[in-house]
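Trainee: The residues making up each chain are set out below.
2 protein chains.
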Amino acid sequence: MQLHPNDSIAVIFCAQRCGSDDQAYQAAATAMGDLAAQQPGYLGEDHARSADGFGITVSYWQDDASAKAWRDHPDHTLIRERGRDKWYSAYSLHVTRVERGYDWQK
Amino acid sequence: MQLHPNDSIAVIFCAQRCGSDDQAYQAAATAMGDLAAQQPGYLGEDHARSADGFGITVSYWQDDASAKAWRDHPDHTLIRERGRDKWYSAYSLHVTRVERGYDWQK
Numbered sequence: 377m378q379l380h381p382n383d384s385i386a387v388i389f390c391a392q393r394c395g396s397d398d399q400a401y402q403a404a405a406t407a408m409g410d411l412a413a414q415q416p417g418y419l420g421e422d423h424a425r426s427a428d429g430f431g432i433t434v435s436y437w438q439d440d441a442s443a444k445a446w447r448d449h450p451d452h453t454l455i456r457e458r459g460r461d462k463w464y465s466a467y468s469l470h471v472t473r474v475e476r477g478y479d480w481q482k
Numbered sequence: 377m378q379l380h381p382n383d384s385i386a387v388i389f390c391a392q393r394c395g396s397d398d399q400a401y402q403a404a405a406t407a408m409g410d411l412a413a414q415q416p417g418y419l420g421e422d423h424a425r426s427a428d429g430f431g432i433t434v435s436y437w438q439d440d441a442s443a444k445a446w447r448d449h450p451d452h453t454l455i456r457e458r459g460r461d462k463w464y465s466a467y468s469l470h471v472t473r474v475e476r477g478y479d480w481q482k
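Chains as they are written, first to last, in the working numbering: chain Y, 377 to 482; chain E, 377 to 482.
Hints in this document: simulated from the structure, not taken from any laboratory.
Mixed in with the good hints there might be a few duds.
Intra- or inter-copy, both count: the list cannot distinguish identical chains.
Derived DSS-like pairs (lysine-lysine); straight-line CA-CA distance at most 30 Å [said to hold, decoys possible]:
hint, residue 1, residue 2
1, Lys462, Lys482
2, Lys444, Lys482
3, Lys462, Lys444
If we strip away everything but chain Y, and leave its shape as in the complex, we get (with noise of 0.2 Å):
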């Protein structure tokens, strides 16, 4: 968790698991997160996930362009495929501005 600077993008991708075949879920997950932060422009991702299988993923990019240039990068578009295959019933993406920020710790 980290405060990512005014005009930067994130995406914020909310998605259903369908529960079955985890663990390929889990290591295909931890592979794009690593590849993820690889990528030019990349800020920092938060995750959640309930015990039901709805989960919040969101990612933090230096602008829109490294936005999409991770949403075409050929081994996200493959596990995406996968996804919508195997791993979600459904899923909602939203990609933002980030307009103000603030953080707090104890």
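Assemble the complex: chain Y is given as a structure, and chain E must be docked to it using the hints.
Mentor: Structure of chain E alone, referenced to chain Y:
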């Protein structure tokens, strides 16, 4: 999980729970969710929390004025103080504007 229109506001709240005072926290979270849903300009909310207490809540608003009005609501302000005092060890909040969105369902 729902698709929201371009130019709407998405408020991304990431927070680490302390783990203490769970019953009071759950009651307050439910009450705040219900109250938020009654505010002008409210579009919806997505929420996930992992077993380690890390959670993401995204609330969606018609415009920045309605997001700010909810931020400044007296009950919300009061509960935010209690959150810092009792429930959270850290949080980040990004106010963002939706540039584009997609959804998919099996």
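Trainee: Run every hint past the structure and note whether it holds.
Mentor: For each hint, the structure was consulted:
1. Only between protomers do Lys462 and Lys482 lie at most 30 Å apart by alpha-carbon distance; the minimum there is 10 Å, versus 41 Å within a single protomer.
2. Proximity of Lys444 to Lys482 under the C-alpha cut-off of 30 Å is restricted to the inter-copy arrangement: shortest distance 24 Å between copies versus 36 Å within a copy.
3. Proximity of Lys462 and Lys444 under a CA criterion of 30 Å is satisfied intra-copy only: 24 Å inside one chain copy versus 40 Å between copies.
In summary, the structure agrees with every hint in the numbered list given earlier.
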